[in-house]
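K.L.:
Sequence:
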Amino acid sequence: MKVLVINAGSSSLKYQLLDTAKQELLAKGLCERIGLDAPRLKHEPAGKDKYEVQVAMPDHAAAISAVIEALTDADHGVVKSMDEVDAVGHRVVHGGDFYAESVLIDEDVKKAIKACYGLSPLHNPANMTGIEACEKLMPGKPMVAVFDTAFHQTMPARAFMYGLPYKYYEEDRIRRYGAHGTSHRYVSQRAADIMGRDPKNPEGLRLVTLHLGNGSSLAAVVDGKVQDTSMGLTPLEGPLMGTRCGNIDPAIVGYLMDKHNLSTKDIDRIMNKESGVLGISGVSSDFRDLEAAAKEGNERAQLALDMFAYQVRKIMGSYIFAMGGVDALVFTAGIGENDAYMRKQICAGLADLGIEIDDEKNSSLRGKEADLATEASKVRVLLIPTNEELMIAKDTEEIVKNA
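Using our numbering, you'd call the opening residue of the sequence shown number 580 and step up by one each time.
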């Protein structure tokens with residue numbers, strides 16, 4: 580089955596066309612600056628030269644139209660017509676507690692996605708815009724929503740509830756939802772496969788999956804099911820990130836608002852866009868820039884790196900104890916896959932817990948699947964590049980075939 584995977588943002592749209600039978604990527608690309616000046620399409624067809632072109636994209640429907648034209652173009656395309664594309668899979672960030680798995684999109688599903696706008700104001704409206712644009716240009720084509728929150732719906736109440744009056748859960752659905760679920764699901768299943776377990780039912784397997792990037796989250800996964808995760812009601816919770824503050828004393832919010840006469844929008848901007856390693860270092864939200872600055876003696880850049888590693892280790896350690904042990908750590912996403920320094924810092928000094936990383940392996944590998952543990956390590960330390968698009972495509976195939 581050929582599945583078009585769509586990940587729509589507020590002014591951008593990423594896409595991939597995959598052949599699920601062969602697990603092959605046929606083409607991928609990015610529409611940038613939708614609705615803004617100088618919009619561009621970057622298209623990379625497999626086996627052909629990639630190209631970039633400026634094209635009018637006043638809205639997401641125009642962006643989808645540009646994607647269709649690129650995919651079917653005589654020179655740069657990979658299919659003769661969209662009739663060869665069997666279905667469309669949409670990444671949707673927040674499904675609340677409406678859905679614990681991917682689902683065929685209908686009117687009820689769209690209502691649920693809209694009901695979660697308040698929980699994910701930056702992502703869900705954009706995701707819905709992508710769905711509606713595809714419906715307009717590909718009428719009758721089956722479409723599937725794959726939710727970032729779905730994999731985390733196996734969490735028990737003791738993990739997902741907050742210590743607030745229960746009425747706020749009943750009336751407003753205030754609880755931990757998590758994020759990056761499609762990534763955590765992919766790498767946890769791949770880890771089970773690598774370790775000789777059934778990916779769909781890895782009984783007894785205890786993993787900590789570490790999706791570390793500009794946005795970072797960890798998950799405790801037992802028997803293939805999430806027991807806890809670090810992101811909460813929103814993607815702000817967890818370790819400090821590129822520009823997000825992560826876990827802080829909640830009383831800080833009211834204190835700063837009162838002292839500096841800040842609005843809710845002001846404090847939200849500060850916590851989401853001006854904090855994290857950017858706010859600590861004053862240098863950058865990019866860890867490569869921080870490591871370069873730290874090597875030159877920038878103490879605040881080093882502090883930001885140390886804080887990130889420490890906070891990740893602290894959350895990881897709490898999950899190991901909550902699970903009663905761990906069989907493997909799984910590093911993925913931009914930092915997890917490519918930053919050998921940060922992987923080493925996170926795993927340093929844990930030999931007494933059975934976690935030993937091979938320095939030579941670790942320092943030589945970027946973005947390639949590998950076991951970074953020493954032979955003496957009792958815990959596997961796996962590097963697994965994430966593939967959320969393949970997971971979305973496979974879900975879409977399964978749901979459409981069984982519809």
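Simulated from the structure, these hints should not be mistaken for lab results. Check before you lean on any hint, since a few could be wrong.
[Stated by the list, open to error] Mimicking DSBU-like on lysine-lysine, the simulated pairs with C-alpha atoms at most 30 Å apart in a straight line are:
1) Lys621 to Lys746
2) Lys980 to Lys957
3) Lys973 to Lys689
4) Lys715 to Lys947
5) Lys779 to Lys947
6) Lys659 to Lys629
7) Lys746 to Lys607
[As the list claims (entries may be wrong)] Across the chosen pairs, the derived CB separations fall in these ranges:
8) Pro700 to Lys720: 40 to 50 Å
9) Lys715 to Ala736: 37 to 47 Å
10) Ala982 to His839: 30 to 40 Å
The structure displayed is predicted, hence computed values, not measured ones. Ideal placement from N, C-alpha and C gives every residue a C-beta, glycine not left out.
K.L.:
Within a Cα-Cα threshold of 30 Å, do Lys779 and Lys947 meet the stated pairing?
P.N.:
Cα-Cα ~23 Å, so holds.
K.L.:
Is it true that the C-beta distance of Ala982 to His839 lies inside 30 to 40 Å, as the hint says?
P.N.:
Cβ of Ala982 to Cβ of His839: about 53 Å, so the range 30 to 40 Å is violated.
K.L.:
Between the alpha carbons of Lys746 and Lys607, is the straight-line distance 30 Å or under?
P.N.:
45 Å, violated
K.L.:
So does Lys715 sit 37 to 47 Å from Ala736, Cβ to Cβ?
P.N.:
40 Å, holds
K.L.:
Holds or violated: Lys973 and Lys689, Cα atoms, limit 30 Å.
P.N.:
Roughly 21 Å between the alpha carbons, so the hint for Lys973 and Lys689 holds.
K.L.:
Verify the proposed pairing of Lys715 with Lys947, using a straight-line Cα cut of 30 Å.
P.N.:
Given that 30 Å is the threshold and the Cα spacing comes to 39 Å, the pair is violated.
K.L.:
Lys659 and Lys629: Cα distance at most 30 Å?
P.N.:
This hinted pair holds, its Cα atoms lying about 18 Å apart.
K.L.:
Please work out if Lys980 and Lys957 have their alpha carbons no farther apart than 30 Å.
P.N.:
41 Å, violated
K.L.:
Go ahead and decide if the range 40 to 50 Å is satisfied by the Cβ distance of Pro700 to Lys720.
P.N.:
Taking Cβ atoms as reference, Pro700 and Lys720 lie about 28 Å apart, which means the hint is violated.
K.L.:
Verify the proposed pairing of Lys621 with Lys746, using a straight-line Cα cut of 30 Å.
P.N.:
Measuring from Cα to Cα gives roughly 48 Å; hence the hint is violated.
When each numbered hint is compared with the structure, violations occur for hints 1, 2, 4, 7, 8 and 10.
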